[in-house]
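Q: Could you put together the complete structure from these sequences and hints?
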Amino acid sequence: MFAVVTQPFPVLDELCQAKIELFETLLMMRLFLASSMLLIAFGDYRRALLGCVCKNNNKIFTISKKTTAVASVAYQSFRS
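The numbers in the numbering used here rise by one with no breaks, and the one at position 43 of the sequence shown is 43.
Rather than coming from a laboratory, the hints here were simulated on the basis of the structure. Here the structure is a predicted model, which is why all the values come from computation and not from measurement. Ideal placement from N, C-alpha and C gives every residue a C-beta, glycine not left out. Certain hints may be false.
FRET-style restraints, in silico, Cβ to Cβ [as the list claims (entries may be wrong)]:
(1) C54 with L12: 48 to 56 Å
(2) L50 with E21: 30 to 38 Å
(3) L50 with L12: 12 to 20 Å
(4) P10 with Y45: 30 to 38 Å
(5) L49 with Q17: 19 to 27 Å
(6) L27 with R47: 25 to 33 Å
(7) Q17 with A48: 37 to 45 Å
(8) I40 with D13: 38 to 46 Å
(9) V11 with C52: 45 to 53 Å
(10) C52 with T25: 23 to 31 Å
(11) E21 with F42: 28 to 36 Å
A: Spelled out as structure tokens, the structure:
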């Protein structure tokens, strides 16, 4: 029967797609459970992660305005 039909069977395509979706869902569940179990089991990681997230929730990046003497001399000589 498979040798006669040149087009793929819709039923087989749907079964393959369902299998892919099932394995994808199982993988996502395993990754979520593993991540949550790591955070629950190891309190140090949980505290460090919460400290990083909650420490500077509105200031993620800091901008420094330090210049060196060479850079300021080069800037002043370039402007003149």
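Q: Evaluate each hint against the coordinates.
A: To see whether the hints hold, each was checked on the structure:
At about 51 Å, the CB distance of C54 to L12 agrees with the hint of 48 to 56 Å. At about 34 Å, the CB distance of L50 to E21 agrees with the hint of 30 to 38 Å. For L50 and L12, the hinted distance range of 12 to 20 Å is not satisfied, since their beta carbons lie about 48 Å from each other. At about 48 Å, the beta-carbon gap between P10 and Y45 misses the expected band of 30 to 38 Å.
Evaluation of the 19 to 27 Å hint for L49 and Q17 yields a failure: the beta carbon distance comes to about 36 Å. For L27 and R47, the Cβ-Cβ distance of about 29 Å falls inside the hinted range of 25 to 33 Å, so the restraint holds. Separation of Q17 from A48 is about 41 Å and conforms to the stated range, judged on CB atoms against 37 to 45 Å. The hinted range of 38 to 46 Å is satisfied by I40 and D13, whose Cβ atoms lie roughly 41 Å apart.
With their beta carbons about 50 Å apart, V11 and C52 fall inside the hinted range of 45 to 53 Å. As the Cβ distance of C52 to T25 is approximately 30 Å, the hint placing it in 23 to 31 Å holds. For E21 and F42, the Cβ-Cβ distance of about 32 Å falls inside the hinted range of 28 to 36 Å, so the restraint holds.
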